[in-house]
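If you want the building blocks of each chain, they are given just below.
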Amino acid sequence: MKIHEYQGKEILRKFNVPVPRGGVVFSGEEAVKIAKEELGGDIWVVKAQIHAGGRGKGGGVKVAKSLHEVWEFASQIIGMNLVTHQTGPEGNVVKRLLIEEGINIDNEFYIGITLDRAQSKNVMMVSTEGGIEIEKVAAETPEKIIKEIIEPELGMQPYQARKLAFVLGFEGDQHKKAVKFLMALYNVYEKTDASLVEINPLVVTKEGDIIALDAKMNFDDNALYRLKDIAEYRDLDEEDALEVEASKYNLNYIKLDGNVGCMVNGAGLAMATMDIIKLAGGEPANFLDVGGGADKDTVANGFKIILSDANVKAILINIFGGIVRCDRVAQGVIDATKWMHVNIPIVVRLEGTNAKEARVLLNESELNFEVASSFKDAAEKVTAVLKN
Amino acid sequence: MSILVDKKTRLVVQGITGSEGSFHTIQMVEYGTKVVAGVTPGKGGTKFEGIPIYNTVEETVINQKANTSIIFVPPAFAADAILEASNAGIKVIICVTEGIPTSDMIKVYNSIKNKEVVLVGPNCPGAISPGKAKVGIMPGFIHKKGTIGIVSRSGTLTYEAVKQIVDVGLGQSTAVGIGGDPIIGSKFTDIIKMFSEDPDTEGVVMIGEIGGTAEEEAAAFIKKNVSKPVVGFIAGRTAPPGRRMGHAGAIIAGGKGTAVEKMAVMKKAGIKVVESPADIGITMLKSLEKVQKKSGIKTASKKKVTTKKK
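Residue numbers (this note's numbering), protein chains in the order written: chain X, 1 to 388; chain G, 389 to 698.
Hints are computed from structural coordinates only; laboratory data are not their basis.
Possibly wrong hints are sitting among the right ones.
[Said to hold, decoys possible] A short, non-exhaustive set of chain G residues, derived as facing chain X with CB atoms under 10 Å:
hint, residue
1, GLY430
2, GLY432
3, GLY433
4, ASP492
5, ILE530
6, LYS533
7, GLU597
8, MET633
9, GLY643
Glycine residues also receive a C-beta, built at the ideal position from the N, C-alpha and C atoms.
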């Protein structure tokens, strides 16, 4: 699960990781109020809160030098459609803003903690190249990212934090502050079942303080059951409405931009089905894993979700029945097609338990299904359907 | 032979009285797997379908000589169940449970990795050696005894590969689903090493997907150590970056773990990488025939393969 920057900073504050003072607002008026009454000073930062990086470049982060500018920038950004390299061309509408005190930046660094899958251990990464896209640093100058693997039984050790703080060039009192910061940050990562904590940039202020100027945190969906406080941070506005709707029916749906909808059981087979649609000359309109218990209702709900996407010109159903009986799925497909008056071509491929019975049912229904006998045949039928 | 599970498998089902556990226990028994015990804490001394239930895994090892375990307990308790099995002396643990927190699995993986135990999964369909034993949730009837080892990160896509292998007249020595999570007990390399050393396995099908670098690591291993033909496929070429495609582990993060990248590395390592997931079976058959032509052995495929007719 992803959360907003301001939420991440709330969590960091709880774990004694220094962050700038600030608060979340939903309008220009609220922005001025918080700047004037809570933050004070004469310089503020107005930051768009969306679940995507690259906000500054897209015009979603502005420095205000007067209360009037706070109002002006806040009013501009709220409601704007912010397009960044992470949102895709359609962008995200900004609904929340973070107003923060201005910081005198002396130096910027990068800190990240995530899982190193190859090692099956967590890793803390630091770099002196803060404030820029870390993917770029990783691709162009990988030697500038220093890693420290964390032993799971021990957790992060002080010597590891000392080493990383030295690598970043900290000395004296600041080195102590940096060590404290890194230890506290790892503590946040571990205690919150985070899958990613990224501080980019970590800044050293002209006054010598070390502060997390930005905060990106992702959490392990599998651990949300034991993280009630964090689960509440979920912002449905940041998620695709169809995907949210699908999750209510226990369907795992991801909307894509193509013209062939697909309904599959199992994530791997669903991805392979998307791939084969592409090879067949179409573009997948979605990823849809209906899971282990594909029945009549699942199929009907799946249709409903797929068909709410107006770009869909054909549907490919690919179910490999193990526990699931194909004849039941077939009956579900027949009923749902009749009931929902589906009038675009449907290619159905059912394999596994009771597949033969299922094919008979489909062929004997008065409906116009393209019944495929294999994965390959399904792909060919999709190609044929798209040509017509 | 085969790998992981066979006639010597003496299985204990952890979570035997739950709905998943009880359903699949019956299926496994019907297939011919020796299910010698079940574990449900607090229900020790009772029976399920004639199978004795114990409170702890340790008791099943002592009393029933259980050597293999399959885990169906809910995600919040599954990490604990793996550690219990491992410490009781179980040699092969297959964890079907989906949704175990990653932080739990980091601890479990690192705590058992130097022990004499093989963990398969979590979030996996299990392993089957056709005609010998089925320790998992896969439909047994689609499999056929043979000489191809199948290893995959997915469930139903494994079944698809199994079917294609059978359709071209071949069969499986063992088919293993290693699971779709970021942290899994056995990676591609571990299973491929077993297939490589198994005299009854003549060829290997490896089915990966986007995310992580396990396929790349396996490619490096294969290049160096494996002489048997390997056919590969990577699912998720059309998956957008940054989106988790169902499996927690199937995500392209920071531009890493794309299908195109993985396919290129695998090709370089000499793996026959298929572009279409519909070509897995036929490509395996051709690779095998090529090898056998070279060494003058008759093809293992008994059925003559004709192009698919309607």
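Output the indices of the hints that this structure fails to meet, ascending. The structure conflicts with hints 1, 2, 3, 6, although it agrees with all the remaining ones.
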